[in-house]
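Engineer: Given next are the chains, with one letter for each unit.
2 protein chains.
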Amino acid sequence: MSTSAVKVIAQQSRLAARQLSSAPESIRNLALIKMAEALESVKQQLLDINTQEIIKARDEGQSDAMIKRLTIDDKTFQYMLSRLKKVAQLPDPLNRILAGHTNPAGLRVYKKSVPLGVIGIIYESRPNVTTDAAGVCIKSGNAVILRGGSEALQTNALLTDAMIEGAVNAGLPQHAIQIIRIPGHEAVGELLKMDGYIDVLIPRGGKDLIKRIAEGTRIPVIKHYDGICHLYIAADANSEQAVGIAINSKCQSVQVCNALESLLVDQQCAEQLLPLLQAAFVANKIELRGCEQTRKLLPNIPPATEEDWHTEYLAPILSVKVVNGIELAIDHINHYGSGHTDGIVTQSLKLAQQFEEQVDSASVMINASTRLSGGGDYGLGSVVGISTDKLHVRGPVGPDELTTYKWVAYGDGHLRA
Amino acid sequence: MSTSAVKVIAQQSRLAARQLSSAPESIRNLALIKMAEALESVKQQLLDINTQEIIKARDEGQSDAMIKRLTIDDKTFQYMLSRLKKVAQLPDPLNRILAGHTNPAGLRVYKKSVPLGVIGIIYESRPNVTTDAAGVCIKSGNAVILRGGSEALQTNALLTDAMIEGAVNAGLPQHAIQIIRIPGHEAVGELLKMDGYIDVLIPRGGKDLIKRIAEGTRIPVIKHYDGICHLYIAADANSEQAVGIAINSKCQSVQVCNALESLLVDQQCAEQLLPLLQAAFVANKIELRGCEQTRKLLPNIPPATEEDWHTEYLAPILSVKVVNGIELAIDHINHYGSGHTDGIVTQSLKLAQQFEEQVDSASVMINASTRLSGGGDYGLGSVVGISTDKLHVRGPVGPDELTTYKWVAYGDGHLRA
Numbered sequence: 001m002s003t004s005a006v007k008v009i010a011q012q013s014r015l016a017a018r019q020l021s022s023a024p025e026s027i028r029n030l031a032l033i034k035m036a037e038a039l040e041s042v043k044q045q046l047l048d049i050n051t052q053e054i055i056k057a058r059d060e061g062q063s064d065a066m067i068k069r070l071t072i073d074d075k076t077f078q079y080m081l082s083r084l085k086k087v088a089q090l091p092d093p094l095n096r097i098l099a100g101h102t103n104p105a106g107l108r109v110y111k112k113s114v115p116l117g118v119i120g121i122i123y124e125s126r127p128n129v130t131t132d133a134a135g136v137c138i139k140s141g142n143a144v145i146l147r148g149g150s151e152a153l154q155t156n157a158l159l160t161d162a163m164i165e166g167a168v169n170a171g172l173p174q175h176a177i178q179i180i181r182i183p184g185h186e187a188v189g190e191l192l193k194m195d196g197y198i199d200v201l202i203p204r205g206g207k208d209l210i211k212r213i214a215e216g217t218r219i220p221v222i223k224h225y226d227g228i229c230h231l232y233i234a235a236d237a238n239s240e241q242a243v244g245i246a247i248n249s250k251c252q253s254v255q256v257c258n259a260l261e262s263l264l265v266d267q268q269c270a271e272q273l274l275p276l277l278q279a280a281f282v283a284n285k286i287e288l289r290g291c292e293q294t295r296k297l298l299p300n301i302p303p304a305t306e307e308d309w310h311t312e313y314l315a316p317i318l319s320v321k322v323v324n325g326i327e328l329a330i331d332h333i334n335h336y337g338s339g340h341t342d343g344i345v346t347q348s349l350k351l352a353q354q355f356e357e358q359v360d361s362a363s364v365m366i367n368a369s370t371r372l373s374g375g376g377d378y379g380l381g382s383v384v385g386i387s388t389d390k391l392h393v394r395g396p397v398g399p400d401e402l403t404t405y406k407w408v409a410y411g412d413g414h415l416r417a
Numbered sequence: 001m002s003t004s005a006v007k008v009i010a011q012q013s014r015l016a017a018r019q020l021s022s023a024p025e026s027i028r029n030l031a032l033i034k035m036a037e038a039l040e041s042v043k044q045q046l047l048d049i050n051t052q053e054i055i056k057a058r059d060e061g062q063s064d065a066m067i068k069r070l071t072i073d074d075k076t077f078q079y080m081l082s083r084l085k086k087v088a089q090l091p092d093p094l095n096r097i098l099a100g101h102t103n104p105a106g107l108r109v110y111k112k113s114v115p116l117g118v119i120g121i122i123y124e125s126r127p128n129v130t131t132d133a134a135g136v137c138i139k140s141g142n143a144v145i146l147r148g149g150s151e152a153l154q155t156n157a158l159l160t161d162a163m164i165e166g167a168v169n170a171g172l173p174q175h176a177i178q179i180i181r182i183p184g185h186e187a188v189g190e191l192l193k194m195d196g197y198i199d200v201l202i203p204r205g206g207k208d209l210i211k212r213i214a215e216g217t218r219i220p221v222i223k224h225y226d227g228i229c230h231l232y233i234a235a236d237a238n239s240e241q242a243v244g245i246a247i248n249s250k251c252q253s254v255q256v257c258n259a260l261e262s263l264l265v266d267q268q269c270a271e272q273l274l275p276l277l278q279a280a281f282v283a284n285k286i287e288l289r290g291c292e293q294t295r296k297l298l299p300n301i302p303p304a305t306e307e308d309w310h311t312e313y314l315a316p317i318l319s320v321k322v323v324n325g326i327e328l329a330i331d332h333i334n335h336y337g338s339g340h341t342d343g344i345v346t347q348s349l350k351l352a353q354q355f356e357e358q359v360d361s362a363s364v365m366i367n368a369s370t371r372l373s374g375g376g377d378y379g380l381g382s383v384v385g386i387s388t389d390k391l392h393v394r395g396p397v398g399p400d401e402l403t404t405y406k407w408v409a410y411g412d413g414h415l416r417a
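Protein chains in written order, with my numbering: chain W, 1 to 417; chain V, 1 to 417.
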């Protein structure tokens with residue numbers, strides 16, 4: 001029965017987590033290398049199984065975008081291996097002394113980073129999440145329970161089997177990495193009930209999936225629902241930079257969470273800039289929707305409704321609003337934004353600092369594309385997701401963010417007076 | 001109507017939070033000093049109102065313990081003021097650069113600590129929480145909404161009015177500190193619905209209050225349900241130290257969350273130690289309840305049931321179990337404990353380190369009383385609570401823990417390639 005099977009997995013992970021909490025850095029890094037080696041050794045088998053799943057998905061009429069996400073080609077495969085090896089080279093996120101002192105009575109107190117314990121990753125089809133997530137979890141000493149999309153069930157299972165073999169060869173426990181092989185929603189439902197065994201869930205996928213998980217469990221969830229990212233072009237912005245950043249933020253890739261969705265143009269430069277921006281967006285096949293003032297300057301575009309300001313298009317559409325000053329720009333961003341990534345283009349240090357302080361978002365970009373927000377450019381090495389929550393982790397979720405800490409006090413018979 | 005009144009408070013706090021996010025350290029510290037001065041100036045009025053509430057509580061037949069918690073005497077009052085002044089002297093929890101680098105393209109990236117935003121504190125009667133919590137929140141640049149127990153409504157309102165006056169005199173916004181003056185459960189229910197305005201709730205009180213809040217809101221909650229604290233006396237423990245630490249952990253104060261509730265004695269030293277421990281506990285009027293093996297050695301004590309191992313007595317009762325080795329001790333603690341504070345008495349560095357690594361608790365004490373776990377001995381200055389959660393904050397909740405961070409990137413037209 002699937003119910004008890006998921007519980008057995010959760011219990012096994014909890015036991016593995018305890019063993020992992022004592023696993024030295026050298027063993028965890030060796031495991032990552034051996035995981036990559038074991039994957040290399042099943043490469044042909046993996047590509048064959050992946051091809052079968054691609055054919056099946058095509059037969060079932062899945063979209064081209066879905067097929068593309070599902071596919072492992074040689075380049076993707078090499079990238080997956082390189083990420084595991086790269087994580088192995090990152091500094092150890094564990095056993096960092098975060099604070100500490102010796103109190104007046106001689107009690108030695110320190111706060112050190114330790115693994116969270118058991119992490120559940122629930123994701124849609126991209127098989128590279130299987131290896132990325134397992135890599136970051138093992139690096140940070142956590143047991144991981146994977147649950148990928150049903151279209152890639154066999155591919156993910158084989159990836160996991162190889163990684164388990166590598167991890168065990170390095171000396172990690174058998175159940176440090178597990179994957180739920182039972183198809184269907186029921187198994188996910190069971191996973192959500194495993195509070196007491198699972199310390200945190202990280203869902204990756206569409207907003208609906210994430211909402212279903214966050215609202216259906218008592219387990220803490222690290223998540224972002226969407227990325228309604230803004231760029232505010234201040235009155236004093238360099239025009240060329242403003243257009244360049246706006247275009248790159250929107251067009252470099254439209255289907256990603258740090259792509260631009262709403263452009264705010266200061267009233268003082270709107271007349272000069274909006275026609276330039278329109279020409280550039282049109283050349284990039286982006287549909288614009290505007291506020292009333294925008295439409296006075298660009299009469300041929302349709303109106304943006306209240307709903308537009310709340311929408312993450314993930315498509316070649318952009319809402320445009322003229323704002324009167326930085327205060328109103330920040331008001332708009334804090335009201336309609338999702339706290340993911342928001343930027344300003346300005347030459348004024350004062351405006352940049354006000355924007356930095358008062359925009360309530362995980363990432364604030366000053367004269368830089370919103371597309372630069374993420375683990376890569378922030379120097380995190382490898383990430384398993386992005387958080388727009390404020391507690392625990394905000395922004396990219398890398399190995400450090402999969403740790404908690406404990407307070408340790410070494411005494412010699414110390415008592416409370 | 002109370003419903004809209006709570007929403008207005010929440011909205012005002014959100015606006016104040018934005019202003020606070022730009023408030024310099026000097027202003028926040030000045031506010032703490034002026035808050036203490038303003039309290040000093042209403043001292044007599046405060047003691048009078050507090051006396052009236054004490055009389056009312058007595059007339060209503062409240063317990064002596066409740067009356068004691070409600071009472072502000074001269075000593076309590078001076079302590080409240082001293083805590084505010086002490087918080088002012090702590091290092092700034094804001095604008096700490098937590099990580100950062102300049103990426104290869106010259107993008108300057110840093111991660112800096114910022115306020116959480118709006119914090120709601122829901123607590124039972126102790127009026128010193130009113131000043132302690134407001135102090136830690138203002139220090140960390142957060143707007144705070146207080147909601148104390150109904151018995152101390154007038155006392156807390158006057159404390160808050162004085163603190164508001166002090167904070168405003170220092171230049172902080174009017175609504176940086178607010179208190180909900182509407183009596184009854186309905187107002188708390190409304191407060192729990194204020195996600196979108198309130199960033200985190202910190203309930204302080206009994207387990208029932210905390211459960212009601214955590215399970216009744218979508219706002220993140222920083223909490224601990226209970227403190228089922230353990231002490232494991234290893235086979236090689238120094239007897240005198242073991243007895244001293246056990247007695248201090250249990251008896252120094254029984255009604256607190258870091259008091260000992262279950263004592264685990266290694267099989268190899270049980271025969272020698274249990275009679276000594278019993279004599280010491282009996283002298284301190286502690287009732288012992290034991291496992292089967294304990295009762296073979298101490299035949300006159302009643303059995304500990306399965307329920308006992310799950311119980312935070314907060315009373316002069318202690319459950320005692322004989323365990324065969326450190327592995328089983330850790331198993332017991334991780335299964336029955338609440339992840340608050342657990343200790344070991346041992347002379348072996350190997351056992352101490354295994355215990356430190358594998359006990360999954362916020363605080364791990366080596367040869368020290370469980371009563372030493374807390375903000376004071378850990379050097380945090382002032383705290384608003386304790387967390388047994390693993391995400392965001394674990395253990396004492398001080399000013400640093402009331403911050404989140406944002407990623408800031410300064411570019412000069414930087415684009416994604």
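Please note that the accuracy of each hint is not assured.
[Claimed, not checked] Lysine to aspartate or glutamate pairs mimicking EDC-like chemistry, simulated, CA-CA at most 20 Å apart:
1) V:Lys207 - W:Asp195
2) W:Lys7 - V:Glu124
3) V:Lys112 - W:Asp195
4) V:Lys68 - V:Glu124
5) W:Lys350 - V:Glu25
6) V:Lys211 - W:Asp412
7) V:Lys350 - W:Glu60
8) W:Lys211 - V:Glu124
If you're looking for bench data, these hints aren't it; they were derived computationally from the structure.
Engineer: Any of the earlier hints contradicted here, and which numbers?
Structural biologist: 2, 3, 6, 7, 8
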